[in-house]
Structure formats: C-alpha cells, structure tokens
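Engineer: Chains as they are written, first to last, in numbering that gives the first Met the number 0: chain C, 0 to 307; chain W, 0 to 307; chain P, 0 to 307.
Among the hints, a few may not be true.
[Unchecked claim] Computed spacing ranges between beta-carbons, pair by pair:
| no. | chain 1 | residue 1 | chain 2 | residue 2 | range |
| --- | --- | --- | --- | --- | --- |
| 1 | P | Y269 | C | F306 | 35 to 41 Å |
| 2 | W | T18 | P | V307 | 48 to 54 Å |
| 3 | P | P9 | C | R228 | 47 to 53 Å |
| 4 | P | F250 | W | G39 | 56 to 62 Å |
| 5 | P | P257 | W | T18 | 32 to 38 Å |
| 6 | W | R38 | C | S58 | 24 to 30 Å |
| 7 | P | K244 | W | Q227 | 54 to 60 Å |
| 8 | P | G158 | W | G39 | 56 to 62 Å |
| 9 | P | R228 | W | S233 | 30 to 36 Å |
| 10 | C | S7 | W | G184 | 54 to 60 Å |
| 11 | W | D212 | P | R228 | 38 to 44 Å |
| 12 | C | S7 | P | K46 | 49 to 55 Å |
| 13 | P | V307 | W | G154 | 20 to 26 Å |
Hints were generated in silico from the structure; no laboratory data involved.
The C-beta atom is built at its ideal place from N, Cα and C for all residues, glycine as well.
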Amino acid sequence: MNNDNTLSKPYLLGADDLTPQDVKLIFDKAQFFMDNFKRGEKFSDLKGITVALAFFEPSTRTKLSFELAAKRLSADSISFASSSSSLTKGESLIDTLRTIEAMNVQMYVVRHVNSGVPLFLQTNTNGVILNAGDGKHEHPTQALLDAFTLYKHFGKLQGLKVCIAGDILHSRVARSNITLLRTMGADVALCSPGTLLPRHLNIWDLPILENIDAAVEWADVLLVLRLQRERMESGLLPSIREFSKFYGVSFEQFSRKPELVLMHPGPVNYGVELDYRVSSYPNCLIQTQVTHGVFIRMALLSLLSKFV
Amino acid sequence: MNNDNTLSKPYLLGADDLTPQDVKLIFDKAQFFMDNFKRGEKFSDLKGITVALAFFEPSTRTKLSFELAAKRLSADSISFASSSSSLTKGESLIDTLRTIEAMNVQMYVVRHVNSGVPLFLQTNTNGVILNAGDGKHEHPTQALLDAFTLYKHFGKLQGLKVCIAGDILHSRVARSNITLLRTMGADVALCSPGTLLPRHLNIWDLPILENIDAAVEWADVLLVLRLQRERMESGLLPSIREFSKFYGVSFEQFSRKPELVLMHPGPVNYGVELDYRVSSYPNCLIQTQVTHGVFIRMALLSLLSKFV
Amino acid sequence: MNNDNTLSKPYLLGADDLTPQDVKLIFDKAQFFMDNFKRGEKFSDLKGITVALAFFEPSTRTKLSFELAAKRLSADSISFASSSSSLTKGESLIDTLRTIEAMNVQMYVVRHVNSGVPLFLQTNTNGVILNAGDGKHEHPTQALLDAFTLYKHFGKLQGLKVCIAGDILHSRVARSNITLLRTMGADVALCSPGTLLPRHLNIWDLPILENIDAAVEWADVLLVLRLQRERMESGLLPSIREFSKFYGVSFEQFSRKPELVLMHPGPVNYGVELDYRVSSYPNCLIQTQVTHGVFIRMALLSLLSKFV
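Could you put together the complete structure from these sequences and hints?
Structural biologist: Structure, rendered in structure tokens:
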C-alpha cells in the first residue's frame, strides 16, 4: 500500500521503515494536530481503538508522551509492563501479546531492553507495532520528533549539517537519527571519544569530528546524547571530568556561534554533557523537542490506525 | 429480587451464587455485547459508575480483561492494590474499602491471595463485590467464560463430558468450574496425580480418570490447568518431566481425536502441561476463552450495576 | 486578581494562601458539586485540561480522591511518581516538571516527602501547583475538607472550639488545620504529650490541654491525628499502651458527651489513638470527611483551572 495518505508500512520498527514521502506525511499530520490542538477539544482519530503501552523497560517521558498522544486522539489505553522473569523469554512474550490481542487490543507501543523485540512481535502477532525504543537498536519516534523540530526551525532538512555528539556506541537515538537524517538528505557527522564509537563504523561512512570545538564550527545543529554513567564503570571512559572537558558543551562555545541549534533527547546530565546555562539559550530546543514529541506520536498513532 | 432481567444475587462471590437462569442471563448479555461491539462505539451501561479494580494479588490477564470491560461500558475505573502489610489484616482491609466507598465508588472487582476475602468484604461493606479470584477458593468469572466458550462451541452444556486435568488441589479455577458445569448439567471428571487432588474429594463425588489417554478417550472437552512450579519444590511432584509424561497433553493424543476441545485458563506452561504444537490446533480454544472473557465480564458488570 | 469568583492566588501551597473569601468560594463550589453530582453525568470544568498526579510519597486515599475529582470534572489525568534517586535532587525534579509541562500538562497535584517542594516547583515552573502534602509542612486540602465538614455540621466555623490531639510535632495536617481554623475564626487548642509538641510552640500561642478528658470537656470538636509508630522507636514515646491510655479516645469518654464531634484524617490506628467502637458513633465524621474530600478537591481543581 502506498498512496498519498498512507504510510508505506503498517508498523514502525525503525527509521529505515520510512520513505521521504512517509516522513512528509507524518510531519503534515503532526503540524495539523499542532495547529488544531485546542483546550477543551479532542481529536477522534482513535476512538474505539485500544492502545497497549507495553513498556518492558522503565521510561517516564516517552511513556507519558505516548499516553498523552493516545488520550488526545480519544483512544483507550492500557498500560502493560512486567519485570517478571517469565516475560524475558521471547516465547512467553509472544503468548502475552497474543492474549492481549484476543481482548481486541489493536495497537502496541513497545519498549524493550532487548534489540529486536518489536520486530519479533510484529512478525509473530497481528497487532500494529510501534517501536518506542529497543535496546541499543532503534528509537524511531525520537528521530522523527528531532527531525520535525529541525524542519520547523530551518524550513528544510536537505543539506543541514547535524553533528551527533557523545555516547554513539550505546545510543539507539543516534542510530535512528543517522538513518532518518540521511533519508532526508541531511549531512551527518559524529563527535565522540573512540571508545564510545561503534567498531564497524565504516558501515555508516560518516565524518568524525575531533572535539566539540570542531563540531560547533562545522555544524548547524548539535545533537548531544545522554552520557550513561555506567559506561565509566565498564572502563570505556577515564573520568566524567575528562569527558566533560572534551565532549561536553560549554556556555562559552555556544556564545561564539549563537545561531547554532542544540538538541538533546533528555534527560540531560547537566554539568556532564551540557552546561546548565546552555538550557536557557534561545536556540536550545530541548523543550520544543518534548512538545513536538506528543504531536509526532499523535501523527503516527493516527496514520498507523488505518492498518487496524 | 429475581425476575427475567436480574441476577438472583447482588454480587458474585462464587459459582454457587449462580442459578441456571442467572447463567442464561449472563450468556445472553455477553452475546449481545459480542454482536454489537463495533470499533468507534462504546456501551453506556456503566456511565457515571466508578469501578475499583482491587487486585491484592498480581494479575495481568484478569485485571486487563476487567479493565477493558469497564472501559467499554463507559465506567470510570480506579486501580487499587497494595502489598502493604497493614492491608493483610482483615480489619484494615475493610476500613480501606469503606474509605473508597465514601468516595462514591460503587463496584469492586477483588482479587486476593486469601480465600474468603470477597465474602468478608461483601458482608461488611455496601459495595457490589465481584470476585476475581480468591486464594484456592473460587474464580467464578473464569468458570463463566469457560462455560460460555463451550456453550457457543457445542450449542449446549447439558450432558457435555468435561475432564479437568492437572493441579486440582490448588486450583480455584477447578473449583469454580466444577460447580458451574454441574449447575448447567455437564458431566465432570478429573485427571490428576493423587498428590494434586484434594483430600476430601468425596464431597464432589466425581470420577477420576487415570491418565491423559483415558481423559482424551472419555471427554468432549479437556480443561487443562496450569502447573505451578512451586508444587514441585514442596514435594508434591517427583519431577516436571514425569508430570508432563503422564499428565501433559501431547500433539499425538490430540491427533487421535481431532474433535476434542481443549481449554486452559492461561498462562500456559508450554512443554509442561501442554505441547506447544497443540496451541495452533483448531479446537484449541485458549484464545477464544480470552476474547469471551471480556464480554462475560462486561455482562457481569452491566447486570450487577443494577444493584448499585 | 481577586474578585467574587476567583481565588486570590493561582496555586494552593499552604492554608495561609487562603483568605476567608477564598474559603467561602471553595465551600460554595464544593457544595454545588455535591448537590449536582448525579450518576451518569460528569462536570466539564476541566475538559481538555491534563492534570498530573505527581505523588513522590506513597498515598492511597489522597491520590484516589484527587484522581476521582479530576475524572468527575472530565480532566485527563496522568500519574507520575518516582522513587528514583535522580528525582530526590531538586534540580532534576524541576527538569522533570518542565518536561511534562512541555507536553501541555497544565496542573500538578504534588505530594513529596520533603517540605517545600510544591513551593519550589511553583516558583520554578509555569504549572498550576496544588500541594497534596509536603513533608511535615502543609496538607491544605485536608484542612479544607475538615473545615468544610465542620461548617456543614455546625453551620459556622467562627467561635467553634476545636482540639487537635495526638502527634502534633510531625503532622502537616495539624499545621494546615491550625492555620485555616484560625483564619476562619475558630478557637484551637492542642492535646499531646510534650515530646510530640513542636519546640517553638509559642509561635502559635495556643492552649495546651492536659489529657483527652480535658479535651472532651472543653471542645466542640476533637480532631484526632494518626500516631505514627516509628515515633516510638525514636524514643519520643515510652509505649503505645501508655500513649493510648492518656491520649487515645475511648468509648466511655464519648458516651459522656454525645454531641462532641470526632474527626480523623485517616487511616486510623484503631486501638491506639481511637477505640474501634467510636467509629460507629453518629458524630464520628470520618467517612463524611472522605466524601467531602472529593468535592473539596473538585472545587479546588475547578477554581484553579481558571489560571491555566
């Protein structure tokens, strides 16, 4: 199926499921919801549809964002999560989803600590699967809301210079963003200590910038990733102070290039990858990303509901 | 109160609360909801009523099933659970329910690890109580959805040969099913290792079938129970392998009698009480049971709401 | 802003935010909701507004009360709580609230183990903040529902003799009630062992009654507080038996003065601060307080929603 009003695939597992036409469709729909969101009114796109929020990995902002998106489209939503060991086995997970499916639950927003779980569920059940983050693999709705934020700021994505900075190795946000930004014709570069870059980096063929100074100079946009402290414990980083010095973004660097756009998927470790003062900088779009996130997820739920 | 459209009791604590007329009323209502369930529409039977889902014992499928049933009838629902030690004392539990009652919450779906808690609450509060499983005692909505599934498959319950297999001793599902199936005129037999049968079995006066081969030969329906692994630790079973050999249901046994109906309350331990391949067998009605479960619970909530 | 239909402040952090006019406005609104609450109907005061229930400290009754109040005003509500250590730092808490704000969530009902958190959030975010209990500081909605209960029982608050009994030292309920009752012209006295009275008691300038007998004799109303058992462990009380003897309320004491009104914020330790038989006494208004609590919270959500 592929016409002007329909996504090319009946699910969203990764950023590579999306054609430029799909992205345009999603952005238009998100913009429509944004323009028409009024206090006291709801959209009825998902009326009578039940959405399962199946978060097998703790999440606050992404879960709330999807929950609000579902509510504002008049969906019923059920939350479903488990740390039960029986659910760590794939077979049992499928049985659980098939059980919920049998209760007339049609759409599944899935987050899981293991890469590939959304794909596994999509191939083994009939529900519409929306990946809300799987392991180190993909987080496609984050990439879409990031791209939407850039699109609205710059009026285009084609030719935009975006540098992704920080812990690339463990980041599903980085993976999804690299794929989507290249689909849309942006130029992507990376900036990260060598130990936090994937080994088989050549599959991406991306320029590596040496430090944040170089990144600030080159980029239109800095997408800073969250440093996960446990990386240090595993010996991948000598010290947070050192990481912060070479790969953290300081207020001074920003002052030199005020037109530079800063994004971060959150939550931010202020003082580590980002100076706190940077957050009040006008081109720091972190809050805007969050606002757009709800509208992007409304767009996706609405467009994917056509496959229910 | 007992007329054509009203249940004979203003609560559902156990299967013995139900007359054949009650069961017919519930089945008709469930069938009505099933026939008229359309995407984009809700029933308004519980509009303005607040249902408390008071699950004091972990549950996924039963809780979701009731939650969806309540939503699809336009009820408000609140979830209420506690592992707090203060709530293990009966007196405190009643105080808690009276407090929630004082907030204009009218119906209570109660699951508790202790047998008799729903009865205790029903006699000490004014709320309409619906037992969602109490200890080893009763799980009447499971029995109703099982019976409804059989009724729809065979067109009758009278004279149907149903064998309940597995851990009868600890099973509230078995207890409720035995009562309800006999109320409806079915023939019930059991198939279980001696250590997993109740000691005072003579109160039921039911035939015991020696092994699954005998059960398959005799029965129209096999209702297989979940084996709880902790039974083994407590010395009631020599090994899972041995249990599985004599009391597990294999693919070969089914192939011999394809018209045999298989049911299981879930979640299934595949490879223990049931061969995984059996699950795709046409007369394996496990998913159908789940689907019917929501409609049966909608019927019960709707019929019991008349007593609010 | 201060006219006949608007609260004087766009938030509720403590009882001292409220003028007598505010209290009258809240009572009138609560009474309106009480008179017009009908099964099958909802009020639409908060339609399209999203209320975050941010309970960083465990709560059952207050959380359910606010949740029901929000639902009955047609609000969307999201629950948000965390025991995560990252959220114990104030800075991170503000970032979390700002993130949720960016998702178009307008009102925040906040409970936190630390005194001052609601104030901290109110001064650092744009959301409408409603304090649902912070540390040992304030619990203003409890004070309002207590005052409303007394107002409806006596027809006035002016000149009413209210004795607050029990663990004053650790009680936010006591603090909020003292402030609000004095705002409304009631006479307040305290009755508590010396170790459970605040050291700088002179700031209140309140009479201290020696024991419950004296309190029963003096008061129109006894507001009994919950004794938290951990007080004993910390050496503030010699034994529960002794506390109960001198500061617990017995059935006999009530029998002597049947017109005395008894209140308690719940949950009650029956047998410690209150004889169980007292709970069925006609002027024991504990259940009434709970019922009024939902209407008071509806009134507050409705009145504060004008500042969204």
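Engineer: The structure should be examined with respect to each hint, and the outcome stated for every one.
Structural biologist: Taking the hints in turn, this is what the structure says about them:
no.	hint	result
1	Y269/P to F306/C: 35 to 41 Å	violated (56 Å)
2	T18/W to V307/P: 48 to 54 Å	holds (53 Å)
3	P9/P to R228/C: 47 to 53 Å	violated (38 Å)
4	F250/P to G39/W: 56 to 62 Å	holds (58 Å)
5	P257/P to T18/W: 32 to 38 Å	violated (46 Å)
6	R38/W to S58/C: 24 to 30 Å	holds (28 Å)
7	K244/P to Q227/W: 54 to 60 Å	violated (48 Å)
8	G158/P to G39/W: 56 to 62 Å	holds (59 Å)
9	R228/P to S233/W: 30 to 36 Å	holds (35 Å)
10	S7/C to G184/W: 54 to 60 Å	holds (56 Å)
11	D212/W to R228/P: 38 to 44 Å	violated (59 Å)
12	S7/C to K46/P: 49 to 55 Å	violated (37 Å)
13	V307/P to G154/W: 20 to 26 Å	violated (57 Å)
Comparing the model with each earlier hint shows violations of hints 1, 3, 5, 7, 11, 12, 13; every other hint is respected.
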